[in-house]
Amino acid sequence: MPDQVLFGIEVVINGLMAGVLYALVALGFVLIFKASGIFNFAQGVMALFAAMTLVGIQDGQVPFSHLINAIFGTKIHHFGWEVHSILAILVTIVVMIVLAWAVQHFIFKHLVGQEPIILFMATIGLAYFLEGVADLMWGAEIKTLNVCLADGVCLPQGINGFLDATTFNWFGYGLFIDNLDISATIVAVILVAILVIFSQYTKQGRAMRAVADDHQAALSVGISLNYIWILVWSVAGFVALVAGIMWGAKSGVQFSLSLIALKALPVLMLGGFTSIPGAIIGGLIIGVGEKLFEFLVGSMIGGATENWFAYVLALLFLVFRPQGLFGERIIERV
Amino acid sequence: MFYREAGDFKISYVADNQTFPIAFDRYRYYAILVVGFLVLPFWVDDYLVNAILAPFFIYAIAAIGLNILTGYCGQVSLGTGGFMAVGAYSCYKLMTGFPDVSIVLHIILAGGITAVVGTVFGLPSLRIKGFYLAVATLAAQFFLVWLFNRVSWFYNYSASGQINAPERTVFNVPVTGPNVEPWAMYLICLFFAFFSAVIARNLTRGTLGRTWMAIRDMDIAAEIIGVNPLRAKLTAFAISSFFVGISGALFFAVYLGAAEAGDSFGIQKSFIVLFMIIIGGLGSIFGSFAGAALLVVLPVFLKLIGVDLFGWPTDLVAHIQLVIVGLLIILFLVLEPHGLAQLWRIAKEKLRLWPFPH
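Respectively, the protein sequence lines represent chains A and B. Everything in the first sequence is counted per my numbering, starting at 1 for the first residue and increasing by one. Everything in the second sequence is counted per my numbering, starting at 1 for the first residue and increasing by one.
Same shape as in the complex, but just chain B (with noise of 0.2 Å):
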């Protein structure tokens, strides 16, 4: 009834173009960006920040970045957990080396220096695909987080071999380090889940997103046409290393304060990552969010009720989630291979068509 493109007519070919063509997708986009940006801050208190939100937003942007390289390129990747890794680490030796630049720069700087590293990993596409390319991936992983624990320089040379976050300001507020107001690590997880959402949804729209989305679905065709696959399978390592980089240093920098690359950046974090794009929906921005929700507050929940309501204990809860999240990967495969980003999508279909349903 209110959700159709029905009267709304455009009268640019910008208009006709904009990402959310119907006014209600708009309004709606709005004013989910103003209780996002202008309410929550003022309302978020110690526990939804550091056990769902943060997390969420650190995890959206790192499934977007796999999702660029995975859902979009169509370029199976084990080794996320080692580019996070890339991230966090750049952005210690940054911020310990240049204490005086801006952190935010320092976590852009990481981004751009993973997606140097990614590019690197990502020559072996050229000449192996499917699951070689995953396996090869694993190689990335395990070279990776094994460099960092090995190589005293990149954490700087300190004891426990672990890196901690010394404190940095943005506008004179404390952003890492011990005395993060809730509030503060929620604006800054917020703010670059925004721009990489943005930036990656635009992107995926362009040339670039229509050349990976050719070679995802048939490489040789794609090369036919014209799509030189050099380009476009580095652009999307690339790309999606740089997004997968920031969230690295936020996770690193902002949200845990200190890590140590086996523990924090293993192969478990690249399964994570991999299963909130599958269950979220591959190839689509809404989905590396909803994926990245469901699977971060799947713990808590569980937690919520296994641990504190029944009195479990906790190793318990653990195992009975592995086999949640087990199902739930077969089950989307199986049911929905398109992910909880086709079921919105089914919902939106039925809800222009409500309550007409010819």
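Pulled out of the complex, with its shape left as it was, chain A reads as follows (with noise of 0.2 Å):
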């Protein structure tokens, strides 16, 4: 096969390894919104609040450290301990669920009843509120990410040499996908597989499904919104976590982390708002599209495309089928 075949073949792969990272963001987009129609723009940042709680916990910083060097004219940072990667990631669990019910009890308890657009503009004040906090409470500078579930056994990084070699082997050309790409499938299968068996076959999940269909209807029977709201947030904190440890792990704990999950956005566009395996194959033609697009016609024309491909794709797709790929039907009553 011609070398640019193949070349080809890897630059779909590794578009369709980045679209499962785009996907992961927008899973928790469309629970939130399923559940209480509040479209949360904080999401991205949620994963970087996440990814940096987790970081801070595991290398034993102090909260706050540089607000309370600055207050009190002291130097600590550290406490001079390492926790270990499950430990951090249950803890950073519950500081996902504190915030959940932080979010739900100060902001979206207030605005029941109002239009869609302001609880959307309010998500946005989160997210600057969240981005501002994480500054403060672990510094933002850039951090790597590790996670290592027992002795030697880390999240792989790097290429991967059995594959690079093997299609050395047959076609004389060594594809390189990231080790980290393919545990990120593999996380995002497994993700996806909990996320179904949780809202398939346990009371809390069918709860959700209920309030998602009908607010009223689920709260004549006897469901709490509230603590379905808070448990919607809660699993989307969680899920943002899963995205931000493999978006740190790839890339850095960094503020850019939130811009690269703005691109979650067209993911939503392109599959509907409502739909989880929407959310899924979004991400992957985004993913593929536009590392096809910039290997294809980004050299033409100067490069960098993938900054507004994903959005440029969306925004024409949207014109012809306004409610995207499996949303449902926009009905509008007056």
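These aren't lab readings, by the way, just hints derived from the structure by calculation. Every residue, glycine too, gets a C-beta built ideally from N, C-alpha and C.
Lysine to any residue pairs mimicking SDA-like chemistry, simulated, CA-CA at most 25 Å apart:
#, chain 1, residue 1, chain 2, residue 2
1, A, 109, B, 130
2, A, 75, B, 302
3, A, 109, B, 324
A few chain B residues facing chain A, derived, Cβ under 7 Å:
#, residue
4, 76
5, 130
6, 135
7, 142
8, 319
Hints in hand, dock the two standalone chains.
The structure is reproduced here in structure tokens:
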């Protein structure tokens, strides 16, 4: 096979892997949107926040150390211990649940019945707030994230040697696939499986789906909306944590993470706001599309087309199918 | 006592329809204009203009523009930064292409070019609405910034990729370039802010403004009573972009002097202007000014307190600022969704009845 075709295949596979990461962020959006009608702009920042908290706890950083140092003139930075990854992940999950409660209790409880666009703007405010808090808590410098489940069992980094060697033997060209992308795909599959099992077979999951279908009907059979919304935000926080781990391990935990997460928005517009399969397939389409476009057309028009391709694709797509690929049909009544 | 319409009899429809029907309001407005145009130029210094007044006026114009689109017509846009970039770059191309034409004309033409671009990106609004549209305008933001970074024709093939404003004069006084006097910068920004506000105010209370508000409140019902949604939405996009373009042109040519699309007109600009109209008040010209004032003064104030008074590091203060801005947005949306403008209206209503509250 000619090298160009092989190179193209490599681009497609890498695009699929990137798409999985977009889909991870998009999943969190869909969960919240289905259950509460809130379009959570802060999902990307939540991923950043979760990843920073995880790194901070793992490295034994003192939260708000910069602020404390500035106010009291002290010089504390670290507790001097390192926390095991699993324990740190558990603590981070607790933090995300507390965050979910706070978001529901202090913001959205007071905004029930407001127009969706007001809720959307509130989540933009939330995004700013969280970003500031995350920076205050753990400092804004770029951090590296290494998650090790046990001694020596870490998230793998770097090129997958096995695939490289095999394809080189077969076609005379080694495919460059990042180990991390492969593990991200596996994790994403597991995560979706867990979510499906949770929402299909547990009491809470069923309640969640009932609320997503019809708030008032759910309320009338005795489901507490408040509880479900906190639950949904917690699940979204958990998804954000997973996405944050994967993105953070790939490109470092830093502010640009929340900008990459903005890419989840066109993913949603492609897939439809209310569909979990849509989020995944939309993510894959965007991932492959932007990589292929950059590969085929990008070099001709100046490169770095990845910045906008996803948005323009989603924009064009919306003009023809406003509800997205898998979204429910938008019916308007006066 | 002194702030009421009693005894102030109108004898013509024109007088009855004026913007400030209460005499006290009218005189206050004239007093502010006199102070702004005739007193302050003699008094302002470099720091005041560069840190507060010039960005205040420029952001106020952008906020007026976005308020027309979002506050009056109900179409949320996250592309303000991109449209400001269009204004800046078209102003730059005009300035360098036609050096003999007045800079004021260039800035207005830059607004016109932005209006055309804004209308093109407004076309999807005919099919999609709400946050779908908000995300769609992100496409404008990222695409336009990329375009200005990558296509070297826009920055005249300069090696740095930056655009630099050459010196241009109004009545032989330099208003762009390195030799600008503070009062000149102040006056040209004030001039544009004043006329933008007057034009926007009168547009929004005329036919056009009413059709925008009808579309905002319920587009289907508006269509049924005979409002043409195509015209209403596209005019809102065009006029909004016109103001945003003017503010972008001023921001680059008068205030910054040199700009680079990604740094000066990134997504953060879009958010800041959106925050200004949320905090100031959606659907209010006064609110655009109030929100711009608050968000321009806040960082300066925090820097004065944090960095200069307490000696904290700058990045820490920047993070605190993020937290405060986020909190302000949420607080305003929860407690007073109509923003500072509504507080102002309530205060005026109280004052009208004072000192007898019934």
